[in-house]
Amino acid sequence: MDDSQAVSGGTARTASAGTTAGVRPVPSLIDRVRRHRASTILAAGVLLLLIWLVLYPNLFLLADSIRGEGGGWTLAHYARFFKSNAELRALWASVWISAASVVFSALVGVPLAFLFARYEFPGRRIFSALAAMPVLLPPLVGVIAFLFLYGETGFLTRGIQELLGLESPPWRLSGPWAVLLVHAYTMYVYFYLFTSAGLARLDDAHVEAAAALGASRWTTLRRVTLPMLAPALGGASLLVFMTSMGSFSAPYIFGGGYRVLTTQIFASKVNGEVGLVAVETMFLAVSSLLFLVLLHRYEGQRTYTGTVKGTAGTRRRLGGGTGLRGAMTRLGLGVLGIGSVTFLLLPHLTVILVSFVPEGTWTTELFPPVYSVQNYATLFSRPDRLVPVVNSLRMAAMATAANVVLAFVAAYLLARRRFPGEGLARALIVLPWALPGTVLAIALATTFSTNQPLAGRFILIGTVWIMPLAYFIRNIPLVTHAALASFRQFDPTLEEAAASLGASWLTTMRRVAFPLVLPGLAAGALLAFVGALGEFVASILLYTHRTRPISIEILSQLRGYDFGGAAAYGVLLIVLMAISFGVGRRFMD
Amino acid sequence: MLFLERLTKRFGEVTAVADLSLEVATGEFLTLLGPSGCGKTTTLRMVAGFESPTSGRIRIRDRDVTSLPPQRREIGMVFQSYALFPHLDVFENVAFGLRARGADRADIARRVARAIELVDLGGYERRRVQALSGGQQQRVALARALAPEPPVLLLDEPLSNLDAALRERTRAELRSLVKRLGITTVFVTHDQEEAFALSDRIAVMNAARMEQVGSPEMLYFRPATPFVASFVGKANFLPATVEAVDGEEVTCRLPGGAYWRVRAVAGRGASFARGDNVRVMTRPESLRVSRNGAVGGGERPDAIPARVAERRFAGATTVYRLAAPGVPEELLAWGEADAASPGDEVVLERVAGAVAWAFPHGPEGE
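Residue numbers (our numbering), protein chains in the order written: chain V, 1 to 589; chain F, 1 to 366.
None of these hints come from the bench; they were simulated from the model. It is possible that part of the hints are untrue.
Sample of chain V residues facing chain F (criterion: CB under 10 Å; computed from the structure) [what the hints assert, rightly or not]:
id	residue
1	G175
2	V512
3	L516
Computed from the model, here is a short list of chain V residues facing chain F with C-beta under 8 Å [to be verified]:
id	residue
4	A38
5	Q161
6	P358
Note that beta-carbon positions come from the ideal geometry of N, C-alpha and C, so glycine has one too.
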């Protein structure tokens with residue numbers, strides 16, 4: 001729902017926060033080339049690849065936005081954009097929904113983080129782990145879960161309708177508020193995680209010092225705790241804003257007639273408005289880049305650290321008291337705990353439940369009357385149902401394999417070597433993270449629609465290559481940063497030791513660097529693989545019937561009212577995602 | 001065996017090593033000794049091939065290796081952090097160099113076994129290196145460097161991560177091992193005691209330059225510069241004036257009116273003349289703390305008046321810290337435990353036959 005980029009983004013951020021390795025010597029250029037011929041060639045290759053796949057397509061986009069119908073440069077498309085009410089409304093909708101998403105996500109995430117960090121109560125550990133649950137929902141699957149729950153025929157909607165004996169559903173899950181609900185549900189995780197991390201760093205001594213100086217608890221919160229958390233809150237705000245600007249699934253499914261920039265781009269694309277699509281995409285891209293820059297600035301300021309190491313904040317026990325007050329507190333917390341866990345798990349449970357409902361058996365009942373494993377049976381037995389699964393697996397595997405190779409080489413170069421264009425390489429590696437999937441897909445569609453081999457353009461649209469390419473580019477930041485973090489963790493002296501023992505550069509890479517980087521790289525690759533498996537935003541702009549991935553199939557099942565079939569695919573994705581997270585975490589440790 | 005010819009290494013503006021020349025004979029154990037930042041590790045890394053010199057040449061035997069990458073230099077190296085491969089066990093760590101050189105299976109098994117036996121780690125072949133103690137890790141690192149039988153072994157402070165008792169024991173083992181193998185060894189340390197215990201010769205470095213190369217005895221008894229005198233062992237510096245020059249020796253007038261005849265260490269073309277201000281340097285064991293002498297000279301012409309600032313018992317000897325009028329730096333003397341008490345006015349007598357040197361008072365002085 002907040003589109004797989006979000007997951008990758010979060011991990012990439014954390015990884016990039018790692019410290020730089022020891023001082024690297026600065027030999028002369030000629031010396032460098034002579035001594036490190038292999039890495040010089042590699043650096044040139046990596047840089048060219050990044051320029052070709054990350055930078056170049058976006059330049060075509062820019063060109064398209066200022067190119068007239070008959071050739072020649074024009075600002076006509078921009079003029080059209082600013083004259084059209086629909087366009088401006090979409091832009092405005094994107095901005096205010098993103099701003100509102102920040103507010104709502106913060107309202108959920110920050111108190112939750114405080115609750116878990118500051119208070120001790122039964123079940124705290126489980127709740128704090130579960131609070132990150134929404135991350136475990138592939139983008140589109142989360143959205144359909146909301147549909148099953150709160151949609152016109154959703155469990156909750158029908159339940160309340162029957163309970164109150166209403167003629168029509170009590171609400172319609174449509175328009176901006178539906179989008180906001182989904183955003184708040186998925187994106188509060190950023191605030192939750194950032195604030196938790198911030199609180200963990202903030203040491204008790206500051207709070208105690210404030211108390212000793214006579215500050216009340218409220219004053220301490222206002223004057224000490226919150227200012228020290230400001231960097232974390234700022235970072236989370238920017239991240240949520242950026243993520244919602246690029247969000248596509250929720251507005252696409254729930255927007256109805258209400259368009260945001262991403263869905264407007266999709267509509268224009270369907271209508272074949274090349275120039276307008278380019279202009280809209282430019283706006284989306286520029287706003288995302290702006291926020292990337294702001295985030296980068298913030299990152300630099302996020303340096304408040306406790307002076308005392310390892311003092312975890314002490315938690316106040318809640319509900320530990322005796323008597324009526326203690327009992328009431330315990331009861332209240334119990335209800336709150338069960339309530340929040342239910343709310344957090346409900347989408348997952350719903351998708352699982354619906355996946356056991358055979359097509360056409362569930363009409364007006366509150367709960368489906370018939371359950372069977374038929375959906376899973378058809379998924380694996382009917383070839384046309386299995387095609388999307390095979391497609392997704394194959395395309396995700398191709399993309400991830402490429403990601404692993406590029407990430408290893410790029411991380412090696414960035415961690416161990418200095419080369420001309422290093423700054424550019426770093427920037428281009430981060431760029432796909434900031435650019436929404438919609439922008440990437442449009443840029444790729446523009447660039448790889450004609451055959452001009454000398455200009456580095458080939459016809460990839462409509463082939464099996466375009467989507468793996470998109471997945472590959474989207475996952476460059478995630479996998480590269482995972483590899484980079486591993487490279488920075490191991491001592492470069494190990495490579496020198498190998499060299500002193502007579503190992504060639506290649507042997508050193510194969511026998512020392514690769515095995516040591518493997519855990520981090522594998523964890524990153526797994527996340528990238530799952531992300532690619534459920535990818536929706538870019539796929540919807542690039543797929544053909546023959547190459548349709550799982551997400552597109554889910555959408556078409558939904559359109560054919562085969563909710564069970566759609567949910568079965570969803571469960572498949574959730575299971576794969578959960579396994580990958582589990583395995584990934586083990587690898588990371 | 002190993003020849004460093006006018007090596008210079010600059011990192012941007014900073015000169016890490018300046019015009020350093022050095023020869024290491026086959027089978028010799030040579031130590032690069034100096035304070036941190038003096039360029040000793042950079043020198044070692046240039047020999048290993050991890051840094052390339054800005055100018056100058058490095059030869060191993062009759063082969064110019066200056067522009068060769070580390071893997072083709074045939075050197076063995078033990079790193080300060082040991083740099084053992086954490087994903088490989090002891091056997092595979094030791095076998096790494098042999099595999100990299102394409103040795104065959106039987107050869108690898110034989111030579112790894114021998115290397116492991118040399119460092120007395122038999123039975124540990126399949127242990128994970130991270131499960132070993134610091135001392136064992138250090139020995140694995142040594143075995144790994146020795147297994148390919150390189151003609152030159154480089155050691156970068158390999159003992160600095162061991163505790164004091166283990167360090168002393170390992171020192172003796174290390175020296176006897178490399179001497180037994182007859183391997184040419186260059187050892188880097190900032191620890192003078194370690195350098196003395198291990199080395200045939202020591203090259204003292206300071207601020208990117210080589211100060212002096214020589215046997216431990218030579219460095220101690222014939223230091224070429226005030227830096228060597230003070231870095232190798234303890235030194236007392238006394239301001240003095242040259243009264244007479246007599247070949248290699250000069251007679252100096254010290255604070256309090258004492259006259260000492262000392263060895264003149266000119267260095268870098270300087271010479272001494274009557275009336276020059278010099279610095280006279282002695283070792284603490286060359287000064288005897290004496291209470292009975294009356295202050296003011298006359299009785300003993302070589303006695304320097306001083307006042308005891310502190311007395312510290314150090315086992316075999318007692319260390320006196322003294323302040324003498326006209327001497328800016330604190331003086332150290334070793335003596336009997338009951339020679340004087342803090343606050344006593346005493347005289348410092350020169351122990352008969354003890355050497356002392358006069359250094360020119362110039363920018364080279366400390």
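Results of checking the hints against the structure:
Interface restraint check for V/G175: the shortest CB-CB distance to chain F comes to about 55 Å, outside 10 Å, so the restraint is violated. About 6 Å separates the beta-carbon of V/V512 from the nearest beta-carbon of chain F, less than 10 Å, and the hint is met. Taken as an interface hint, V/L516 checks out: its beta carbon lies about 6 Å from the nearest beta carbon of chain F, inside 10 Å. The beta carbon of V/A38 is not positioned within 8 Å of any beta carbon in chain F (closest approach about 11 Å), and the interface hint is therefore violated.
Violation of the interface hint for V/Q161 is found here, the shortest Cβ-Cβ separation to chain F being roughly 61 Å, above the 8 Å cut-off. For V/P358, the shortest C-beta to C-beta distance to chain F is roughly 51 Å, which exceeds 8 Å, and the interface hint is violated.
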